[in-house]
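The hints should help you fit chain B onto chain A, whose structure is shown.
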Amino acid sequence: MSIKQWLGAGVLAAAAIVQVAQAATSEVLVSTDWLEQNLEQPDLRIIEVSVNPGQYERGHIPGAVNVSWHTDLVDPVRRDIASAEDFQKLLREAGVSSDSTVILYGDNNNWFAAWGAWVFDVYGVENVKLLDGGRAKWEKEGRPLTTRQVAHAPGNISLGERNEALRARFVDVVAVAEGKQQAQLIDIRSPDEFNGRIFAPEGVQELAIRAGHIPGAVNVPWGSAVAADGTFKSADELRKVYAAVGVDGSQPIITYCRIGERSSHTWFALSKILGYDVRNYDGSWTEYGNAVGVPVVNVAGTVWGGK
Amino acid sequence: MSEPVTTDRPSAGVLLLALALAVGVMAWAWVIFEPTPAGRALSFSLLTGAVFGVLLQRSRFCFFCVTRDYLERRDPNGLLGLLAALAVGTLGYHAVLGSFVPDPFGGRLPPDAHIGPVSLVLALGAGLFGLGMAISGSCISAHLYRLGEGAFASVFALIGVLLGFVLGFLSWNPLYLRFVADAPSIWLPGHLGYAGSLIGQLAVLALLAWLLLRFARPQAASAETLSVGQRIWRRRWPTYIGGVLIGALAVVCYLRVGPLGVTAELGSLSRTGANALGWLPDRLHGLDGFSGCATVIKQALLSNNGAFISALLLGAWASALIAGDWQPALPNAGQALRGLLGGVLMGWGAMLALGCTVGTLLSGIMAGALSGWVFALFCLFGLLAGLGLRRVLHW
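Quick mapping for you: the protein sequence lines, in order, are chains A and B.
Counting from 215, one number per residue, gives the positions in the first sequence under the numbering used here.
Counting from 4, one number per residue, gives the positions in the second sequence under the numbering used here.
You may find that some hints are simply not true.
Computed Cβ-Cβ distance ranges for the label pairs, DEER-style [said to hold, decoys possible]:
no.	chain 1	residue 1	chain 2	residue 2	range
1	B	155	A	442	29 to 35 Å
2	B	181	A	420	44 to 50 Å
3	A	355	B	155	36 to 42 Å
4	B	202	A	385	53 to 59 Å
5	A	420	B	98	36 to 42 Å
6	B	111	A	394	42 to 48 Å
7	B	286	A	247	55 to 61 Å
8	B	111	A	247	30 to 36 Å
Just a few of them, taken from the derived set where beta-carbon distance is under 8 Å, the chain A residues facing chain B [claimed, not checked]:
no.	residue
9	267
10	268
11	271
Far from chain B, by Cβ distances over 10 Å, these chain A residues were calculated [as the list claims (entries may be wrong)]:
no.	residue
12	297
13	300
14	356
15	365
16	388
17	414
18	460
19	509
20	512
Hint data in this document are derived by calculation from the structure and do not stem from the laboratory.
All C-beta atoms in this analysis are idealised placements derived from N, C-alpha and C, irrespective of residue type, glycine included.
The following block holds chain A by itself, in its conformation from the complex (with noise of 0.2 Å):
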């Protein structure tokens, strides 16, 4: 071909890259001003996936259901995410069907709502949406919100086999870590606890006997994802705040915190809307920081017990 025929492949192929990211923009997101419009809409399920106890149940969207994150979503006793028979039958009783439109949402800049939405893409639910700024949005801009609660007719959905290719297990992180495997590790925790220089956010329960992040991890915290309003920033913006610490999708990825709940916000942002090859390692600095023998940088030098 001439280097006019390169040039106009190239701007077309441009073009179409261009569309798609937009279109897996709003396929993954939707806004406040949306659902309020849609909330009669037929297919719409709405589960609300909040942090702090008591919200949901005293105002939640109209026609949303309440999920337990630490109930619902895990094994409570072996540390697992919910087992494919269980999180079946929660969908079900909250009415998801395979036609069904899933909308996530919840407080916290809707923190635990991208955790649901990891949980859900790892049982291969189609069609499930974030509501862009979660709960502080939505009251924020004065949107009803009501204390009673729906009953949806029982739906009829199928879970598959976990798709394990979003999980990064500790054997994974582990070789990445020793250089055995390639992929980009991303720390989205706050920069005190990356350096090492506190175990865990105060108040916290989840602690670890140490400090540090994992070699070769960069530290990207989770709000650089999200403007002040709680939505998640733009494709181009995203692309920017990551690329600025050598981030540009070409290795896969793999997203952690503490406890693996946060890192699933980020894995959304990389994963829906930027599309690089992204997966979250759930098991997070609790799993990792307290193993032996595994390699740690600690820049801070704090030590278990006091310095």
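Chain B alone, transformed into the frame defined by chain A:
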């Protein structure tokens, strides 16, 4: 012929001060408001705290005093007021709970309702609390409203409560491991359903009311002819009015923010202070998982409960000013010591029982928690022991 009492009104200065307090509380609520759940809850807590203070002061709603009135003079009105509060609150709470937790048999407890573990520790805490109430002369919420009336002896009681909480924290770990860790948090609707719990509780309250009236003595009626204004603002309300309104307030608070309670802030202040001084063990087992008047290491200066009891004080003060109940009095040494000692016992008991007469008894029973009933029973035992002690020691 009896003439209406025309001089029975507060002076202009007093009225102005009361008005300033009322406006002040409203202005404070307006200033701290923010259009977020936390901001709304804080503002709301401030306003409801002020209302609660007024209700307590106007109806002289003190758990100890109403019980003593019955024991010494067979005057049932106070206790009937308490039962009225419980009845109204139970009705409202069950209605709200039916929305929050549509299926009570699902094994889940309603979020943040004061449903506590039923164990020997609860009984011990309630007993200590009752004893402390009798020795100090009031329950904690009454000390707060009495402070608004100028009874500065209550300061000693409240200081005692802060110290008592420290004792509670120090004794908590072994007690928790031995008795509380495996204790069940029994929620009546979870076993009987909402209908069963409601009918059951109302039946027990009705039975108690009947018993109270059965053994009551007729009381001397007031010979005054009063205007409506005087009845509302200048005389003590019949306790049942305060009770009914308190029941309603409790429901509204639970619907919007959380159950009524007055010890969360005091306990948290105590915990923060004691922790800073290094008096506390590093971890208080299981504590942060329980629903009750939870104590935490304070993060922000003003919490919902802090706002609530601050406004309670101001509301009670304003109400006392208008009613002519503002009678500042400094305690003598004996009163101060008794207040302190009683306060320590109440603080210790409230920590172990995860709340006091408001947080565990009132808010617990209204929510259908067995812990509320158990607290009430053992608190009564402690109270009786305390009264006996006072008689013996001529206190």
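Verify that the Cβ of residue 414 of chain A lies farther than 10 Å from every Cβ atom of chain B, and report whether the claim holds or is violated. Given a closest Cβ separation of 14 Å, the condition holds.
Range hint 30 to 36 Å: satisfied by the CB atoms of residue 111 of chain B and residue 247 of chain A? holds (33 Å)
Just to be sure I understand the hint, the distance between the Cβ atoms of residue 202 of chain B and residue 385 of chain A should be within 53 to 59 Å; is that true here? At 58 Å between Cβs, range holds.
Holds or violated: the 29 to 35 Å window for the beta-carbon distance between residue 155 of chain B and residue 442 of chain A? The hinted range 29 to 35 Å is violated for residue 155 of chain B and residue 442 of chain A, with Cβ atoms some 48 Å apart.
Interface exclusion of residue 356 of chain A relative to chain B, criterion Cβ beyond 10 Å: violated (8 Å)
For the hint on residue 271 of chain A, does the least C-beta distance to chain B fall short of 8 Å? Result: holds, 4 Å to nearest chain B Cβ.
Could one say that the CB atoms of residue 181 of chain B and residue 420 of chain A fall in the range 44 to 50 Å? violated (26 Å)
Minimum C-beta separation from residue 509 of chain A to chain B exceeding 10 Å: can you confirm that? Non-interface label stands for residue 509 of chain A: nearest chain B Cβ at 30 Å, farther than 10 Å.
Cβ distance range 36 to 42 Å for residue 355 of chain A and residue 155 of chain B, holds or violated: Violated - the Cβ-Cβ distance for residue 355 of chain A and residue 155 of chain B, about 49 Å, lies outside 36 to 42 Å.
So, residue 267 of chain A near chain B? Judge it on the closest CB pair being under 8 Å. At 4 Å from the nearest chain B Cβ, residue 267 of chain A passes the 8 Å test, so the hint holds.
Checking a non-interface call: every C-beta of chain B should be farther than 10 Å from the C-beta of residue 300 of chain A. Is that right? At about 14 Å from chain B, residue 300 of chain A clears the 10 Å cut-off, so the statement holds.
Mind verifying the non-interface call on residue 460 of chain A? Its CB should be farther than 10 Å from each CB in chain B. Since the minimum Cβ distance to chain B is about 36 Å, residue 460 of chain A lies beyond 10 Å and the statement holds.
Going through the hint list in order, the structure does not satisfy hints 1, 2, 3, 7, 14 and 15.
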